[in-house]
Structure formats: C-alpha cells, structure tokens
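One line per chain: the protein sequences are C and R, in this order.
At position 242 of the first sequence (counting the first as 1) the number is 242 in this note's numbering, and the numbers step up by one without a gap.
At position 340 of the second sequence (counting the first as 1) the number is 340 in this note's numbering, and the numbers step up by one without a gap.
By construction, these hints were calculated from the structure, which means they are not laboratory data.
Glycine is no exception: its CB is placed at the ideal position from the N, C-alpha and C atoms.
Check the hints yourself; a few may be wrong.
Claimed, not checked - On the chain R side, residues computed to face chain C include the following (Cβ under 10 Å):
1. P22
2. Q23
3. V209
Claimed, not checked - Reference listing, derived: stretches of chain C covered by chain R, where coverage requires no fewer than 3 residues with Cβ under 8 Å from a Cβ of chain R:
4. 23-36
5. 45-55
6. 134-144
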Amino acid sequence: MRATDMNPLRLSSFGIRGFAGESLTPEVAIDFASAFGTFVDGGRVLIGRDTRLSSDMVHAGVISGLQATGCEVLDLGICPTPMLQFSVSRYQASGAIAISGGHMRMGWNAITLISANGAFLDPLSGEAVLDVFHARDFRKPGWNRIGSVTATDDFSEPYLNALESHLDTASIQHAGLTVVIDAANGAGCRFLPRFAKRLGFRLVAINAEEAGFMARDPEPRPRNARQAASIIPIVKADIGFVTCSDFSRVSLVSEDGETASEEYTFPLVADHVLRRTPGVVVSNCCTTRMVDDIAAIHQCRLVKTPVGQAYIMAALADENGMIGGEGNGGVSVPRFSRAVDGLLTIGLILESMAKHPGKISTRLHELPRYHIVKRQVYSEPRHCYRILELIQQHVASWAPDAHLDLTDGLRMDWKDGWLHVRASQTEPMIRIISEARQRDQAESRAMDMVRMLEHEL
Amino acid sequence: MKDFLKVSISGVRGVVGETLTPQIVASFARAFGVFVGRGSVVVGRDTRPSGDMLERAVVAGLQSVGCQPLLADIAPTPTIGFLVQTLGARGAIAITASHNPAPWNALKFIGRNGCFLGRQRANELLDIYHHGQFAMVPEDSIPRAEDIPDPTGAHFSKVLNYVDVEAIRKRHFRVAVDACNGVGALHSRRFLEQLGCTVVMCHDMPTGVFEREAEPLPENLGTLMSLVTHQRCDVGFAQDPDGDRLALVDEHGHAIGEDLTVAFAVQNVLDRHAKGPVVIHLSTSRCVQDVAEQRGCAVTRTRIGEINVTEAMLALGSPVGGEGNGGVIVPAIHPGRDSFTGMALALELLAKEGKTVSQIRQGIPRYALAKAKLPVRPEQVPDALRLIRRTYENGKINLLDGIFVEFPDSWLHVRASNTEPVIRLAAEAPTREAADRLIAEARTLLTPHLGTSR
Chain C
1 MRATDMNPLR LSSFGIRGFA GESLTPEVAI DFASAFGTFV DGGRVLIGRD
51 TRLSSDMVHA GVISGLQATG CEVLDLGICP TPMLQFSVSR YQASGAIAIS
101 GGHMRMGWNA ITLISANGAF LDPLSGEAVL DVFHARDFRK PGWNRIGSVT
151 ATDDFSEPYL NALESHLDTA SIQHAGLTVV IDAANGAGCR FLPRFAKRLG
201 FRLVAINAEE AGFMARDPEP RPRNARQAAS IIPIVKADIG FVTCSDFSRV
251 SLVSEDGETA SEEYTFPLVA DHVLRRTPGV VVSNCCTTRM VDDIAAIHQC
301 RLVKTPVGQA YIMAALADEN GMIGGEGNGG VSVPRFSRAV DGLLTIGLIL
351 ESMAKHPGKI STRLHELPRY HIVKRQVYSE PRHCYRILEL IQQHVASWAP
401 DAHLDLTDGL RMDWKDGWLH VRASQTEPMI RIISEARQRD QAESRAMDMV
451 RMLEHEL
Chain R
1 MKDFLKVSIS GVRGVVGETL TPQIVASFAR AFGVFVGRGS VVVGRDTRPS
51 GDMLERAVVA GLQSVGCQPL LADIAPTPTI GFLVQTLGAR GAIAITASHN
101 PAPWNALKFI GRNGCFLGRQ RANELLDIYH HGQFAMVPED SIPRAEDIPD
151 PTGAHFSKVL NYVDVEAIRK RHFRVAVDAC NGVGALHSRR FLEQLGCTVV
201 MCHDMPTGVF EREAEPLPEN LGTLMSLVTH QRCDVGFAQD PDGDRLALVD
251 EHGHAIGEDL TVAFAVQNVL DRHAKGPVVI HLSTSRCVQD VAEQRGCAVT
301 RTRIGEINVT EAMLALGSPV GGEGNGGVIV PAIHPGRDSF TGMALALELL
351 AKEGKTVSQI RQGIPRYALA KAKLPVRPEQ VPDALRLIRR TYENGKINLL
401 DGIFVEFPDS WLHVRASNTE PVIRLAAEAP TREAADRLIA EARTLLTPHL
451 GTSR
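Kindly produce the complete structure, drawing on both the sequences and the hints.
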C-alpha cells in the first residue's frame, strides 16, 4: 500500500481515489471492497464501472474483495453511476460500488460506495468502513461461503422507463430537437441511442466509443467543450451537452456555439423545476449566486452544505428538498433518484426547451449573471490545512467588510460577490473560487488570495 | 492448519479466507507478472468454490503490471501448461490445490516452456515477491483480459494425434469416470467420446466440493469401483480435482493402484511409440522400472516433485515417465503430468493388446510396499543417515533425497521428513514379508541411535 509522492491515495467517507500505476493497486481495491463487504455484512452488492482501462483492473479486484467477505455480487458491467444508484433499491441490494474516474483525468480512478437508498454513503457509515479498511479486520465467511457473482444487463430498460415517465416526453418529442452529446468515451456511450429514442430527439454523439481512454479531459467545463462547440453549427443542433466519464455531471453549449460555464447547469435546471414544483433547494457553499437568486425568484428556501455529493444528498434527505446541485454541473432530483444524474439533467433541460420555446443562448442570458473566476495553487496535502489556518488570520484585515463562513474551507461573502478557498479532495492543491457582478472585482479578489497563499507557501 | 500459508517452490498454498486471501494472491500475481515480463499470461483454475474469486485477484494483479490475462476458465492443469506454448504466452498461473482438500487452494506458476518453474526460477520469483516492489504500468498500458476460445481443443487434439484413435474407437469401450467434482466433470466425457467410448460418470458436478478424498488412492474409489461393476465397464478412470493424476480400476471393479497407471503408459509408449530412457521419482513403484528394463530401457530416478521428473526427462530425451502417484508424463504431448494422456495411453494399450485391464496387470510384476516412521531429534538425523549409508555401502545408493538403496528386486528409502520430526522408512519388494523385512532391518539398525528423550 505504498502511496507515491505525486498522486497519493485520497480517502473519503464515501470512497477512495488513486492513480493507476501508482497509488491505485489491486490490493487497495480488494481491501476497500472487503471493508465495504464487511460493513454490509456479506449482503447483496451491485457493481458498475466506467470504460477506463484501469476500471477493468479495479473491477476484478473489487469483485474479488466482495466475494471474499461473502457478498452476493450483481455485476452491471459498464454502467453510468447514476443508473447504478437508481438500480440499488430495485435489486433490493444492501449497497453498490461504482468504479469510475468521473471527471478526473486519465490515470485517476475511484471506488465510490453507495448505500441501500442509492445515495453516496453517508459520512457516519463511511467512517465505519474506513475503520474496517484501516484495521483490515474483514469478514471471513469460510471457504464454502464465498460470494457468488452474477452478471446482469437488465437494468437500463427499467431506468429509461422511469426517466421517460418522470419527464414530459411528449413535449420533448414534439419539439423535434437536435442535440449534440459528448460522452467522454465514458460509461454512457452505449445507452445514448436508446436514451435519444425514448425522449425523441435527434442525437449527434461524439466521443461515444468505449475506447478505454479519454478523448478529452473528462471534466465538463468550457475548455473541454470545444469539440462539441465546433460540431453544433455544422449539424445545426439546438444544444450541446458535455459529460464526464460516469455521466453524472453535465455542462452545456448553446446553439451559437458558446460554451457555457458548468456553473450554469444547476441554476438552469433549478429554474425549470422550481417553476413547476417549488421546494427546498440544496447547494454547496461555493456554488454561484445565481442559485441564490433563482431560489429567491421562486420564493424557495436555499440550504447550503460543504462541497461534495454526499453532503448535498444528506441535506436533501434531511430537508425533504426538491432539487440539489453544485457548481460543477451536477444536479439531483430526489423524486427521481438520489444520484447526480446527467441523463436526467439533459432530459430536464430538453423539457424546459420544449415547454418554453426559444433559443438556449437567450435562456442563458436571461439568468442573473455573475462572473466567476477559478484559480488553484499547488500545495502538498499535508500543508493545505495549516496554510488555510494562516490565511484565516489574515482575512479580518484583508476583507473587514466580508461575512466569513467556515462550513468547508473559508468563504467570504460581500454584497457584490464571494470568494471561497479550500483544499482539493482530489488533487494536491488549494482551490479558489471568486464570483462577483463585475469580472474585474472577481479577478482582483482571486489574485489577492493567490498572492497570500503563495506568500505562506 | 487454519493459519498455514505455504510459500514454496511449488507455489503458494493456504486455506481460503484464512491465509489465502485475494490480497495475497493479487500480490503474487503482480510478482509473477514482473518476473515473466510484460506480455500475456494464461490463467486457469480447477472447480473449487474459491476459484473464480482468486482468478479475479490474479487478473487484477497481472493487469496492474501490464500482463494480459488469457483466461482458460475451468481447465485441467496440463491444459493450462499446454496453452502457454500454443498461445506464445510468457507463462501461466494455475489456480488449484490439486489433491488437497476443498478448503485449500493454491497458485502454481508455469514458465514460458509450459512447465512448472524449477527450483532456481521459483526462488527468483519468491525473491521478487519478498522484495515487494512490483512496478505497475500507467493506465494506457493496462491490458484487457481475454477469454481463450475452446481452451482444451488444442491439448486434446495433441493427445489424440499421439495415439491410434481408430484402433481405440473400434473397441467401443465402456468407460466409467470419477472426476472428483473437478475439472474432469467438464472435460472428460467430451475427450473420451472422441475415442469412441461410452462414458458413465460419478462425482461429475463441477462444484469443487469433493464427495470423496481428492487423492485417487484405492481406498477413496469405492463409488467408481461399484459403478464399473454395475455398468459392466471395461475400465474405470479416477482423476484428481485438477486432472493431472489418474488411477485405473479394472473390469472387475478393483482399483489396481495408481503406480500401475504409469506402468501401463510406459509399457504402451515403449512398445508402440518410442524407445528411450524412462524417468520416475524415487518412491515410484519398482514395477515401472521392471516394465522399462524388460524392454531394454534405462530408468532414472529423481527427487520427489513433478518438476524434477520433467526436467530430467527433457535433459535425457525420455519419451515417457512420471510419478508413482498416477502422474503420467509424455513430453511429446506435454512436459507435465496429464490424466488425459494417461487415459488415452491406457485405452490404446487395451485396444492394441486385445486384453482386459486385469490381464495386462497380470503381466506386470507385483510388489508390496511397507512404510514406517521413527521419531527423531533434528540433530540425530545426519548420524542416522550416515549409518544407513555405511551399512548398505555395497548396494546401489542414490543420495538425491535422503538415502535410496536399490537391490536387485527391491528398494529401501530412508529420509528425514520435511514436515514432522520423524525419519521416514519406505521399502518395496516382491512380497509383503520381504518388504516388512527391509523395514524391520532398518528399524533395528536405527532404533538404538534415535529417541526423543535427551
């Protein structure tokens, strides 16, 4: 279990991330799966994976580790993480494990733990799994009680049925939209044609081959949306979507080829959903203020959590929320599932386009506009938290008029914007997000923070 | 025994879930991948319930170091070795504990030549494992595992090409097979039907849960013996779980002893296929030696252990040999023990000689085997062995493994056990009395010099 200097293992309460060829060894995969198998006491566990070459290796190790603890494994094979999460309760499983690098660049991969209700494992349960993992005190059912493995592929039709009935499919079909989807050569590729057929739009799929490697950086954001943007005018598409390798997060490209920030995805969907069914909105503490404004427009309460899907899901459950999401292009609607679901997100955006005719570029410009600036400063993980403590001491003099929040890292709120500094959970860096009405204001605050961090480093 | 993990030149074996975990197996697979270098590695297993779990751990381990797993699924150990050469793989990992009880499992490592690793190479692998640094490959170099289509096809063809299939088919043998719920349950019927046999089977569910003791010893073959009798079969074949060892039951339902499997094979190969030196290990029955010497062929005995026999056969250009435990080796087919080769050779012998199993057995000299063990303190062992050596210095002495003394029609083997604080005595002679006499003689000689009290 040797962690390397560059790309060490990152543990969290709902999973483990590592780098293929370095920290992500088969033994770690087996140990982690054995810890989860012990936690669910040898129950039934669903497995799904994305298309990455390392996912195949991790998949073999994870199943082996589950079998060793006596779990009954249902192997869904290549499967978008939201579809896997949707399926847990249908198969009456005790939990699920998703093997996917998601938005991370090639080489990275993650083993994500999912509980019986389909959400990422909650922090308390996750702590229990980590304790088992670290103690290596795994369930030992005996040589003749080793878990069985059954491969199944009958999960996608029920999912698509549910999706079709959740959405106003008739309206979408009637709108006759042409849609570009860049699937990052990920787990969604094989399901796109049926998805398009069910919803009745014309699909132009790119990066839709299960090649095992990523044709682009899989994080859905403007700089990775150029391929989609270049296709849109040629095929005269109404909209384009860019997803990550597990089909959870989505960013969009308008019909004129403008690559919208992934920050726009959640406000756009929230506006559509809340218009019809108002309710509590959940987001993290560093998502765009557009969300605050949208919630206010629809007179809905907004609840803020630390960064991460697990926190969003926990708050959605606690607050009986209508919709949750983050600034990374992730959206979740608990009435449908407890997942950040890219297929659902695309479906809801198409539904809103069908019901409110007009160009998507116009819709985007109608949203309350802010300028968001993201920066990062490299720092070894062991230094991050110490540096954030030091920065906190400077905040009082640097931003005397800001409201300070410590929910997750440091967040400063001004009347015209906010700035958030936190240690990355995935890479050895500190992330800075600054948002303001004026671009200059957002830029200068972010640069000030970068300078302060570099000074402390 | 629960916490017993045996890491040795014959692989790594332990009790599943206690000592033999997927984690350890993945680490060994990584070490093996580093040892053979990047390329393809055949992976196969017997029917034990832990097989598919351990196979996944092996696959993940191999992939992580850039070796492409080629999956033979449930396949006989000889087939797995055979596939290495036909597929041009860098080696193979067989997941099987052979004749050990069902709670056990093991990894066995096969080199580029299709043979188990010899002592030197196995030690190299263990060094890599203990060093613990198995460099992994970056993601874009991780290979995908592939299934091998019809894994046994080429192996079985090679066996069938060796014997006179037509002669065997003409006899329409009725054959009973006891597959010990092992790999034979999936493959033996198909193999024997190609030889025109009518096949009846027992213990033929590939569950890996053994309903008899896994070694094909006469005392474990009651079901097969009554099957042969009731179904009026010409012969009964008992395989071990991974299909490398074979014992024969005659047409009257008597288990004739697994040494005779090798004697039948030697007789048939030397009479019909090729003359040449015969290699057996030290404790193989004298009857095999007689069969060879009657045909003017020299016999070489090696240390215990399949790879020792195989290496000597390849060095001497031996056409046939094996281990007295029912392991027939014909290097022209495959340089390793193979129950399928054993079955084909036995059937060819019956067909060509026009005799029954018991009639052929009649033509092979009978010997009786006697065994004893004497408690010993470790420091007493060297003197005890020296005493035996001095006493029999006028005889023909072989020092490969303890002291092996060969007489005109018998032998005596005295060696220190590797597992218990005892000296093991074994003797074989034409009569029970003669064998007992050899043991009594050695015991009388040694007893005054041994003892557990200080």
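*Please write out, lowest number first, the hints stated earlier that are contradicted by the structure.*
none
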